[in-house]
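Chain by chain, the residues:
Number of protein chains: 2
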Amino acid sequence: MADAQEELRRDEAWMKLALAQARLAGEAGEVPVGVVIVHGERAIARAHNQRETLVDPTAHAEMIALTQAASSLETWRLDGATAYVTLEPCPMCAGAFVLARIGRVVFGANDPKGGACGTLYSLHDDPRLNHRFPAVGGVLAAECGEVLTRFFRARRGAKRMNENRANDV
Amino acid sequence: MADAQEELRRDEAWMKLALAQARLAGEAGEVPVGVVIVHGERAIARAHNQRETLVDPTAHAEMIALTQAASSLETWRLDGATAYVTLEPCPMCAGAFVLARIGRVVFGANDPKGGACGTLYSLHDDPRLNHRFPAVGGVLAAECGEVLTRFFRARRGAKRMNENRANDV
Chain F
1 MADAQEELRR DEAWMKLALA QARLAGEAGE VPVGVVIVHG ERAIARAHNQ RETLVDPTAH
61 AEMIALTQAA SSLETWRLDG ATAYVTLEPC PMCAGAFVLA RIGRVVFGAN DPKGGACGTL
121 YSLHDDPRLN HRFPAVGGVL AAECGEVLTR FFRARRGAKR MNENRANDV
Chain W
1 MADAQEELRR DEAWMKLALA QARLAGEAGE VPVGVVIVHG ERAIARAHNQ RETLVDPTAH
61 AEMIALTQAA SSLETWRLDG ATAYVTLEPC PMCAGAFVLA RIGRVVFGAN DPKGGACGTL
121 YSLHDDPRLN HRFPAVGGVL AAECGEVLTR FFRARRGAKR MNENRANDV
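If you read the protein sequences in the order shown, they are chains F and W.
Throughout the first sequence, residue numbering follows the working numbering, covering 1 to 169 in sequence.
Throughout the second sequence, residue numbering follows the working numbering, covering 1 to 169 in sequence.
Isolated chain F, as found in the complex:
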């Protein structure tokens, strides 16, 4: 019990760093999702969504972080690493975690529209694929979800303002 509480405290501490990455994404006009990958007690990768900035459909936070982490460890096998993600990974990113043989994934908010670690798919736990990993959701879920909600609310507001301006012309 004490161990479980200690693990949750540690998970929350790392998730706060992932949240800081998500906020950086939001400030850059990107859907705010952030990731930290931890090996031992060290963050070996920090990244945020950069799809618009890089004009790259594959530039989700998780993908960038996986490339960084493999570079840091000089191997694409990340079985000793844990990834902290503010939003449940999509099929692309969950599939990438399987290929990377990730040790564990901890995420914040569930993604009802595309989550592939328990919501729409359970790619992390498919015995037909060549790797399975534990995926734990709900860590700082409220904060992780709030960053996204605020971003989309602001974007809708800006869109409405532009439409009103267009009508005024």
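Wrong hints could be hidden among the right ones.
[What the hints assert, rightly or not] Not the full set, but computed from the structure, chain W residues with beta-carbon under 10 angstroms of chain F:
#1 ALA2
#2 ARG51
#3 GLU52
#4 LEU54
#5 ALA59
#6 LEU66
#7 ALA70
#8 THR75
#9 LEU99
#10 LYS113
#11 ALA116
#12 TYR121
#13 LEU123
#14 ASP125
#15 ARG128
No lab work stands behind these hints: they were computed from the structure.
Given the structure is predicted, the values throughout are model-derived calculations rather than measurements.
Every residue gets a Cβ at the ideal spot worked out from N, C-alpha and C, and that includes glycine.
Add chain W to chain F, keeping to what the hints say.
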């Protein structure tokens, strides 16, 4: 009927270029999978698997090609493009095609161990995700599969030879 035959002829012509990419991968000691992405009548991306060379779990041929294609068109929306892949895409790559809003995917050999365009999953045709695309398998399937079979056979042979040498010492 004539149209379908004409389309198949065109698909096979592009798949031959993807096969040439797969062979390049094999020569570099990579699992031989190749991709060409076509827009209009132009190849805007050609890539092969580079996971070992780049030490990157995300460096499947499809991912590299998607990044190239988005860069070429200066948008991550690739709805007018067709991807030719020698092997059925895995969950990561099929998920990436969904995110890229790819127009169509044509592949060669089925992948019983990880195929996500009809075999283990049908990520290309999930109404819950925000994009669907037609995925056509079996184009030059024999040649595409043969490149893989030969690669793994040679690798097993090399391994056995090394083991025998070790026993001789």
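Hints not upheld, ascending by number: 1, 14
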